[in-house]
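So the sequences go chain by chain: A and B.
Numbering of the first sequence is given in this note's numbering, commencing with residue 1 and proceeding in unit increments.
Numbering of the second sequence is given in this note's numbering, commencing with residue 1 and proceeding in unit increments.
Keep in mind that the hints are not guaranteed to be accurate.
Stated by the list, open to error - To give an idea of the chain A side of the interface with chain B (calculated C-beta under 7 Å), a few residues: (1) Y100; (2) S103; (3) I107; (4) S190; (5) T191; (6) R297; (7) S300; (8) A301; (9) A328; (10) L330; (11) Y408.
None of these hints come from the bench; they were simulated from the model.
The model shown is predicted, which means the values in this text are computed figures rather than measured ones.
Ideal Cβ placement from N, Cα and C applies to all residues, glycine included.
Number of protein chains: 2
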Amino acid sequence: MSEPSGLCTLGVRQIVDGIRSRQFTAEEVVGSCLARIQIREPVVRAWAHLDEQAQQRVRHSTPGGGSLAGVPFGIKDVIDSSAMPTEMGSKLYSGHQPRYDASCVAIARAAGAIALGMTVSAEFAGTQPTRTTNPHNPGRTPGGSSSGSAAAVADFMVPFAFGTQTGGSVLRPAAFCGIVGFKPSFGLYSTSGIKVAAHSFDTVGLLAREVRDIALIHAVMMNTEPVAVTKPGRHLRLGVFRSHLWDTVHDDAKAAFEMAIAAAEEEGAALVEIPTPEGFEGITEHRAVINAFERARGLSAEWSAGAEDMSPQSSEVYRRGIAITGDAYLGARRRLDEFRHQIDHIVAGVDTLITPTTPGEAPEGLSYAGDPRLQELWTMLHLPSITIPFASGSSGLPLGLQLIAARYADADLIGIADWFSQISRPR
Amino acid sequence: MSEPSGLCTLGVRQIVDGIRSRQFTAEEVVGSCLARIQIREPVVRAWAHLDEQAQQRVRHSTPGGGSLAGVPFGIKDVIDSSAMPTEMGSKLYSGHQPRYDASCVAIARAAGAIALGMTVSAEFAGTQPTRTTNPHNPGRTPGGSSSGSAAAVADFMVPFAFGTQTGGSVLRPAAFCGIVGFKPSFGLYSTSGIKVAAHSFDTVGLLAREVRDIALIHAVMMNTEPVAVTKPGRHLRLGVFRSHLWDTVHDDAKAAFEMAIAAAEEEGAALVEIPTPEGFEGITEHRAVINAFERARGLSAEWSAGAEDMSPQSSEVYRRGIAITGDAYLGARRRLDEFRHQIDHIVAGVDTLITPTTPGEAPEGLSYAGDPRLQELWTMLHLPSITIPFASGSSGLPLGLQLIAARYADADLIGIADWFSQISRPR
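One chain only, chain A, in its complex shape (with noise of 0.2 Å):
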């Protein structure tokens, strides 16, 4: 990555302070952010659509008082926004303009944000690649579906983003990246305005550099007070799950994870080892089937009206979903139900729950975004999800550390977060 410089590495609430404080104005962070992006994309390719307008439109404003007065932000190219285009990554939303903005843009920009662009999402937020490379090495991926998002904001293009998470897309390329990526539990930012993949786990997301971050924007979506972060480790109950997918873990990340609880342990988090439930490794064929039962339905009217314009791997999971019977997706529903009360219990006997994030550093080339399997199992779950950057893997690129809390416990756990980006910061 090319050594970034000025305003544009700043992050969410340092804009806002030095706002306020009147260091600089928003129309200088947005110059920054757009100079920035101008270097870079060329190689990145974070964005589907740019707000060339953005810095313009930030001089002839009023600055506002609101909690994210004159943050510039990234919006993936499936939730709506009313000033840019939003293309879900496919032909046959070429040029499609919403009338309004997504719930969670309409409440950042109601609290001052301001959106610079549309980022590159994969083809209606599945698993087709996109052209976005990883900012730390361009013959990486990013990650996906979020890829744009994850990438723009790594790459100090903007300091936040919003994503969508309907398997591990905002967790997954905020790890490949270096970045913190937040998924909430489910329902609880609104998905008004966002393209449905499958209803049962889409979830919005946030994307940012820092934690404290995570927590302010959190906030804002919430309407609460920022959490008091940085939680004591001392009697911090951490539950090591390393789950029947343990084995999928290349050596670099398991031993980077086990650096990464003993400094915990180190200093005063108790480990808790926990057990993998009985059956849960069928947990990821269950929802295979009720994801693609949900994406098909979800994309009938696509299918009726231009077939031709899906690319092979939407195509096929429309092909598949549409043929699993509704007795084959309700067997599944109820099997997982089973899970969310099963998991439901080992998660309220421990403050979080920690597991790596991907099984390894960003795979090689750009056509194969990843392995979702680690991160999807949290948002099948509905729990609230957190990937941190804590160390480097072999070849030096990012890995990221998952953490898990209990469902509604989202404060709480970005508290616990922030705590383990103290003592865990990036060697």
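Here the structure of chain A is known, so what remains is to put chain B in place on it, guided by the hints.
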């Protein structure tokens, strides 16, 4: 209601069968429905937009072999249609033309059904009254928010329509208009292309005149075989759930309800009185908090863009909801989750719960669409519910019987409702 005649009086299955056996054509069916609409629309006012070209398009199309081939239907005006404006009952969406159909519309069309138009909805599927009248008495409300869908089906303008239910917006108007209304388990039908009201509750539902028509449409939506309808009454365990709202039920509705359960007992069903769970009366208030919090955030963009074009009702919901703190919202969600577990155990002990659908007949006038509390219980608890017409009240207007089953037992519920509609025809 003026006496209908001809093909418009047929139900969904009768239309499908008649076209298949060449007794009549889809064009004739559509023509009969449009003729009925022409006669009755000045009084009933069920339609926000009519597709004047429907008959001509049917004439020039090749008849398909789909499960709903040739069946006309209506679409609530908060459900996207690619062929007609979708205006959400709001000035803010005047002339709004979605690019694609909502999932439910696309699935019905793919099965051969023919959309005749958009039916009148309360603004944003809320509580604002509409211009639609009750087909049985134009001085009475048809109920809301799926006002037009219920009135159009009840008045023989279409054999079925889609509605949405966030509180009681499918079952209440169905009951007031004397037809069948079905709300599936939460999340069974895709919400793709539906304007979000309160995402924790929003459910696409069906309105028709016959339970067996609901069975067929449900099978199409879910990719299953239509349920074997008419369950035997013997050994059927009916949970009589009067709830904390029993005191709100009028005397005529109470008497009719007692007659209905006595008739079921006579046919061999076992009645099980279900006591109201402790603390259950607080559930309505918890729902109100969640509903307002989510609705306000779902309307944030519309509010920012044009608060002056929002009705007093929607403005009030927005103002109330946007002020609710995240902590209050999470507290209500936690409590509601507990109620869901509790009711799951109760419902598991019977085949179906049974309650009145509404406190009584449709209220006089159009300014109040009726009390949603008896219907919204099951929306918020995520259980499937269905209303069937089963009696007349003291003014001769329809009364509905509400049946509720365990989550995902939708097909069984429809079967039991069919049995019930055989033993307790309106008298």
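Against the structure, the hints come out as follows:
With its C-beta approaching chain B no nearer than about 4 Å, Y100(A) sits inside the 7 Å limit, and its interface hint holds. A hinted interface residue such as S103(A) counts as satisfied when its beta carbon comes closer than 7 Å to some beta carbon of chain B; here the least separation is about 5 Å, so the hint holds. Because the smallest distance between the Cβ of I107(A) and any Cβ of chain B comes to about 5 Å, under 7 Å, the interface hint for this residue holds. For S190(A), the shortest C-beta to C-beta distance to chain B is roughly 4 Å, which falls under 7 Å, so the interface hint holds.
Given hint, T191(A) at the interface with chain B, holds; its Cβ is 5 Å from that chain's nearest Cβ, closer than 7 Å. Taking 7 Å as the C-beta contact cut-off toward chain B, the hint placing R297(A) at the interface holds, the least distance being around 4 Å. Annotation: S300(A) was flagged as interfacial toward chain B, and the flag holds, the nearest CB pair being 4 Å apart, inside 7 Å. For A301(A), the shortest C-beta to C-beta distance to chain B is roughly 4 Å, which falls under 7 Å, so the interface hint holds.
Interface restraint check: A328(A) against chain B, minimum CB-CB distance 9 Å, threshold 7 Å, status violated. Hint status for L330(A) relative to chain B: holds, with the closest Cβ pair at about 5 Å, below 7 Å. Taken as an interface hint, Y408(A) checks out: its beta carbon lies about 5 Å from the nearest beta carbon of chain B, inside 7 Å.
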